[in-house]
Amino acid sequence: MYPSEIEGYVAPCTVQEATEAFAKWGEETHYIAGGQSLMQAVKSRMIRPRCLVDLQKIVSIRGLHEDGSGHRIGAMTRYCDIASSRRLGGAFAALVDAASHVGDRQVRHRGTIGGSLCWNYISACMPVSNLAIGSQMSLVSLSGATRELGVDAFLGAPMETSRDEGEILLSIKLPQPAGRAGSAYRKWSLLTDGLPVIGVAAFLVLDETDRCALARIAVTGLESGPTRVPAAERALLGLAGSDRAEIETLLKDSASSLQIHSDEAGDAEYRKVLFRQLSLEVVTMAFDRALGSKK
Amino acid sequence: MKAEVSITINGIAYSRTIPIRMLLVDFIRYEAGLTGTHVGCTFEGVCGACTVHLDGDAIKACLMLAVQADGRSVTTVEGLAKGNELHPLQVAFNQHHALQCGFCTSGMLMSSLDLIEKNPELSEETVRHGLVGNICRCAGYANIVDAILDVAQERGS
Amino acid sequence: MSGSNNKLKDKQADGIGARLPRKEDIPILRGEGHYFSDIAVERQLHVMFLRSVHSHARILSIDTSAASQMPGVVAVVTGAMLQDEILALPQASTSAGLPGRLPTFWPLAVDKVKFHGEPVAAVVAETPYLAEDALEGITVEYEPLPYVGDMEAALEPSSPLVHEDWKDNEIFRSNYQALRTADEHAAHIKEARRRIAEAPFVVKQRFRTHRCGVTALEPRGALAVWDNRDGLTIWMTTQRPHAQRACFADVLQLPLSKVRVITPRNQGGGFGMKASVYREPLLVAHLARCLRRPVRWLETREENLMSAGQERDQIHDLELAADAEGNLVALADRIVADAGDACLGGSWAFPIANVGGLRLPNAYEIPFCDIELRVAVTNKAALCGARGLGIYPGRFALERAIDMLSWKIGMEPAEFRRKNFITTFPARLSTGLGYSNGDFLKTFDRLIETVDIAAFRERQKEAWSQGRFLGLGIAVGAEVSGVDSLSYVSMMGTPSYASVEVRVDPEGHVQIFYGDGPSGQGEETTIAQVVAEELGIDSENVSIIVGDTQTSTFAPGTVASRGAAMVLPSVAMACRSLKKKIVRVLAHDVAIAADEDDFIFADGYVMHRGNSNIRLSFAELAFRIVMKPINLPPGDSGGLDERATFESTRGNICFGAHAAFLEVWPETGRVKIERYVTSDDAGVVVNPLIVEGQIQGGVVQGISNFFFEEYVYDNQGQQMTSTLEAYKIATAADVPRIEMYHDAGTPNPTNPLGTRGIGEGCIAPVPGALGNAISDALRPLGIEITDLPVRPPTLFRQIDASRQRKQQAS
Ligand SMILES: Cc1cc2nc3c(=O)[nH]c(=O)nc-3n(C[C@H](O)[C@H](O)[C@H](O)COP(=O)(O)OP(=O)(O)OC[C@H]3O[C@@H](n4cnc5c(N)ncnc54)[C@H](O)[C@@H]3O)c2cc1C
Ligand code: FES
Ligand code: FES
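Protein sequence lines correspond, in order, to chains S, P and L. Just so it is clear: in the first sequence, position 212 is 212 by my numbering, and no numbers are missing. Every number in my numbering is 295 more than the matching position in the second sequence, counting from 1. Every number in my numbering is 452 more than the matching position in the third sequence, counting from 1.
Simulated from the structure, these hints should not be mistaken for lab results. These numbers come from a predicted model, not from an experiment. All C-beta atoms in this analysis are idealised placements derived from N, C-alpha and C, irrespective of residue type, glycine included. Check before you lean on any hint, since a few could be wrong.
[Claimed, not checked] Think about it this way: if two alpha-carbon atoms lie no more than 30 Å apart in a straight line, the pair counts; the simulated DSBU-like pairs of lysine-lysine are:
hint : chain 1 : residue 1 : chain 2 : residue 2
1    : P       : K413      : S       : K252
2    : S       : K272      : L       : K1124
3    : S       : K57       : P       : K297
4    : L       : K642      : S       : K252
5    : L       : K1124     : S       : K252
6    : L       : K1124     : P       : K413
7    : S       : K24       : P       : K297
8    : L       : K1258     : S       : K272
[Claimed, not checked] Quick list of the computed label-pair ranges, beta carbon to beta carbon:
hint : chain 1 : residue 1 : chain 2 : residue 2 : range
9    : S       : I47       : L       : H961      : 51 to 61 Å
10   : S       : S143      : P       : K413      : 36 to 46 Å
11   : L       : V1164     : P       : A308      : 44 to 54 Å
12   : S       : S4        : L       : V505      : 16 to 26 Å
13   : S       : G63       : P       : S418      : 28 to 38 Å
14   : S       : E248      : L       : S917      : 44 to 54 Å
15   : L       : P612      : S       : G150      : 33 to 43 Å
16   : P       : G366      : S       : G63       : 44 to 54 Å
17   : P       : D350      : L       : H486      : 25 to 35 Å
18   : L       : E867      : S       : R86       : 25 to 35 Å
19   : S       : I47       : L       : A532      : 27 to 37 Å
20   : L       : R646      : S       : D253      : 41 to 51 Å
21   : L       : S520      : S       : G63       : 25 to 35 Å
[To be verified] Among chain S residues calculated to face chain P with C-beta under 7 Å, some are:
hint : residue
22   : I6
23   : D54
24   : S100
25   : D104
26   : R110
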């Protein structure tokens, strides 16, 4: 209910101050972004921070930026800003889909894309959408060294990432695909907009004949964490959006390639049913969006 | 362990020395004495009863530390009415019987306000989706939806 | 005595029947409500409970030494310490009327824990933050015992015992012998059995309902203050302040006069969850007395979800039989209910389940019933009242069986229901329950009129042919509308009359005092409307003082739809006595012979019907009688106040008929409610806005129970649903708008206003209507909904299995 005693709280204005504060306080120091996951853990005392380093005042890691090579989203960009972004259409629309349906308006006003990626909760929406899009993570270490990391390498099993102790996720790069691309994300939960039982994201790049030249399909809600579905990705190559029957079959087949667990919210069989349904929806939508971005 | 903060709530600055771990909702309720904001969760932050505005955005005051709101501006349900003049949402909630026990009401109002201010066009469906962060156990939602649509329509016209 | 406005309206505009926005809303809307957690007193201490991590375990040791040394800690207590200081429950004030076993318990576990979440120790500290810190300093050593979790297995002789001083786990058993002698009953059962055996149409089915409830948005809490002269004052969340008071007095061995219980002016919902006597407030009161400092406990949601408000898990093995013409001839049911540990003062779990059996035959003429109920204790939180007390499972089972039987016969279920409704009143069910009056057909036909079954069947056929599954489900409920003392004493051990005091001040303002503990039922408004109607004054000039044992005589509490059915009639009775007195004085003053029928009370005036010159404002008359009590009629004395007690006749009911239209998606098992309609007999409706609010809210709770909510215990008895993330309550986007009709009601002749209570029972038909609608949609697949909750994964599995069976068969 109430957090355990917290000794320090710092709200630096620069990344450097933040890493310095982290280094100074040492053990049990946590960055806090929107706090929409961290505060749950702090209030339930699963996490007992000695010090919290609040990232909310660091302007440089906030907001959406665009240049010729693609988009860059500051890690501290909130869900609501992504959801209302007019720039993130077509290729990156999966992020808008995901951000618009995370939790509720209050959560979306605080929660950040970076926080979600770093927390990598078992059924979170942002990690899987980024996985499908193939985003690039920019990180800075305690020593000030920066590195770039593909999302595949960044995300691990649920609640795990390859982020080092004290490392800050600065931004998420969305490389502009060569060709027309579309993406989409859909999830299913018992209650509207809740944490999903299963969520599926699709990212497609089309060739000049409107056929799929590259596909990335990823699922959330699995015990393995956000997971790509290579079988589906391969099978989609060369297909057009109008090849509905083939797409349906390949998605159905690829469902059986997934390692799916059973729990209270649904058994493995049902999760496969959801996968089939949702993946069909997102693939269809991704095709549509890719074609829409023709102009 | 302790920190000095100054948080503006409904236009009044509250400067206090508080434990770092104090939740914003406790600051509002017990330091500022504004008990209209309610608490219905342990740590999950699902019920929405604690919803307030932070610099104009609806947020859950139970999922934030008071120190994080230092220097920022909070609006609570007590800040809705202008003196004796109720906010149109407050009037509509009364007219439509949108509250029974009233425990969800302050959070509902603050979410509704956010919804109305940020969406020029609202329908029954968008209002219902806009309220998923607020549980009402008594009223069954329909009258709340009607009250909001009423105010939204009036604003639109 | 004269006035320019001599034309008085015959009816007070804000009186009975007015769609009056609620008086109580404005402070709440401004954030100025007075809820429990808004109350604070100087020097108050805070309690937090350490709760059992096991479902069933022996307590080997509790080490509180570290906790006691922690900052801000004032005391740490355990069950063992309490045993010499206070009495255990049950006590006289909290014994049930029914012959069941009552387990002994203290506010903190002694020797062993009986469910995951049972309070084991408590810390008192200067702030809640420090109290929570200190909980971590307590070490408890447990020896786990086998978890008793399955209610049927619990009743087997081989089961481990929940309460070790009992010989088995059966807390209660009933066969609903009613007023029959043993021989008569044996013959009755034999006849029921014979009829079932010989009937051409029989449905035999097991139904299961799950553990869920109507947890209120505001959790529980108690704040106790001790004073050497006055004794204890306790502010607490409760629907029944007087019942609580009696229990505090017993357990703490204080005279009643030294205990004052106050339900805060605003209460964030109750729904039965705040009707029982719980462990925690007893300890809070005790601590306040020991420590001589105010002590406050504010429940967390986790505590609430683990220990309060869990109801509805039952198994029904039901048989329902009809003759060739489609008349119901007999009903048999073997009911098993799960009482949890049953350590719940004033309710003890089993009377809740008992209601379900008693009311099982619902609105139908079923001459012979063989119903048996067995209630088992298990290692779960005590079964606790929830809106629709005890009947949600039974209504589901019977209404489903009715549908299954009608299709067997080949009748439209609505037609089958019409044919079998009770039509003559007073009626008595074979379980012994009486219904004083009503008109089920009228209210039911109002529903049927709006739903157009024939048109739907066309649409449904069309949809089926396209592989879509649309369903219509209808269900009804003849539900409680207040309870009479005779029934309540025998069931719950306390009376049930409604007693109010009405005081008029010299300015003509009216105050109503009574001792229930409401939680948002709109009582301030409806009472004001009744007073406005009776005394012809503006409802603005009426206020209520409720929930304080100091300012009220005994009151049973805000339960069982007593508000409209009993409290309002008692207000009317008191007002009518006052009217008599006012008229006596007025007639005396103007020297005419008259009684109250000769006068109109409206618009704040009292005026003679025949002579408009005889006209005085209500306020003037109040001043005259209260402040100038000279020259009064013989026998009258000064003052304008009156107490009235209304005792209900037996068997008052309200009636509701529901229809749900929905679609099932076979690919995913998802269900979408397209339309949900109710027709209710709420008798005379005092405020339509409030009645509709009750129905809208009640039905939505029923829907939420049906699809989303469930208290889950794993196979070790770990409660898996102690957050609102896990215990899923429907949001606005998950439920439909309810379409409501209440214009086909019948005034209730047994009370002076003709009202019926609607709040408690309006949830009851929901599981039947939804279960019937889903089964109806899936008729081509032969799927019957028999288990709750209905969730997409399970529904999908059923659909898939049925399709595979069909494929194999063809
Ligand atoms: C009611 C509710 C409903 C929700 N529903 C959903 C849902 O439907 N789908 C969904 O995906 N999620 C849901 N969430 C979780 C939500 O998405 C979280 O906001 C998100 O997971 C965390 O983002 P944050 O900014 O709040 O991060 P925080 O909670 O502040 O931080 C999370 C973790 O990331 C670390 N961190 C944060 N930012 C950085 C950074 N830039 N660099 C390094 N480390 C960092 C923190 O130290 C912490 O360990 C819900 C949460 C709530 C309360
Ligand atoms: S108390 Fe904040 S969401 Fe429930
Ligand atoms: S009015 Fe009671 S919870 Fe909404």
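Hints, one by one, checked against the model:
1. Taken as a hint, the P:K413 and S:K252 pair is broken in the structure, with Cα atoms around 40 Å apart against an allowance of 30 Å.
2. Note on S:K272 and L:K1124: the hinted pairing holds, with a Cα-Cα distance of about 21 Å set against a maximum of 30 Å.
3. Taken as a hint, the S:K57 and P:K297 pair is honoured in the structure, with Cα atoms around 20 Å apart against an allowance of 30 Å.
4. Proximity of L:K642 to S:K252 is assessed by CA-CA distance (about 57 Å); at most 30 Å being required, the pair is judged violated.
5. Of the supplied pair hints, the one linking L:K1124 and S:K252 holds, its CA atoms being roughly 25 Å apart against a limit of 30 Å.
6. The straight-line distance between the Cα atoms of L:K1124 and P:K413 is roughly 29 Å, inside the 30 Å bound, and the hint therefore holds.
7. For the suggested pair S:K24 and P:K297, the alpha carbons sit about 18 Å apart, so the restraint of at most 30 Å is met.
8. Of the supplied pair hints, the one linking L:K1258 and S:K272 holds, its CA atoms being roughly 22 Å apart against a limit of 30 Å.
9. At roughly 56 Å, the beta carbons of S:I47 and L:H961 sit within the given window of 51 to 61 Å.
10. Checked against the given bound of 36 to 46 Å, the beta carbons of S:S143 and P:K413, roughly 42 Å apart, stay inside it.
11. Separation of L:V1164 from P:A308 is about 46 Å and conforms to the stated range, judged on CB atoms against 44 to 54 Å.
12. Between S:S4 and L:V505 the Cβ separation comes to about 19 Å, which falls inside the hinted range of 16 to 26 Å.
13. At roughly 31 Å, the beta-carbon separation of S:G63 and P:S418 lies within the given 28 to 38 Å, and the hint holds.
14. The supplied range of 44 to 54 Å is broken by S:E248 and L:S917, whose beta-carbon atoms lie about 23 Å from each other.
15. A beta carbon spacing of about 55 Å between L:P612 and S:G150 contradicts the range 33 to 43 Å that was offered as a hint.
16. Judged by the Cβ atoms, the range 44 to 54 Å given for P:G366 and S:G63 is violated: they are separated by roughly 20 Å.
17. Checked against the given bound of 25 to 35 Å, the beta carbons of P:D350 and L:H486, roughly 30 Å apart, stay inside it.
18. Checked against the hint of 25 to 35 Å, the pair L:E867 and S:R86 fails, with Cβ atoms roughly 57 Å apart.
19. For S:I47 and L:A532, the Cβ-Cβ distance of about 34 Å falls inside the hinted range of 27 to 37 Å, so the restraint holds.
20. About 58 Å separates the C-beta atoms of L:R646 and S:D253, a value inconsistent with the hinted range of 41 to 51 Å.
21. At roughly 52 Å, the beta-carbon separation of L:S520 and S:G63 lies outside the given 25 to 35 Å, and the hint is violated.
22. Nearest Cβ of chain P to the Cβ of S:I6: about 4 Å, under the 7 Å cut. The hint holds.
23. Of the supplied interface hints, the one on S:D54 holds, with its beta-carbon coming within about 6 Å of a beta-carbon of chain P, less than 7 Å.
24. Hint status for S:S100 relative to chain P: violated, with the closest Cβ pair at about 10 Å, above 7 Å.
25. With a least beta-carbon distance of about 3 Å to chain P, the hint placing S:D104 at the interface is held under the 7 Å criterion.
26. Below 7 Å, beta-carbon pairs count as interface contacts, and S:R110 has one with chain P at about 5 Å; its hint therefore holds.
The structure shown violates the earlier hints numbered 1, 4, 14, 15, 16, 18, 20, 21, 24.
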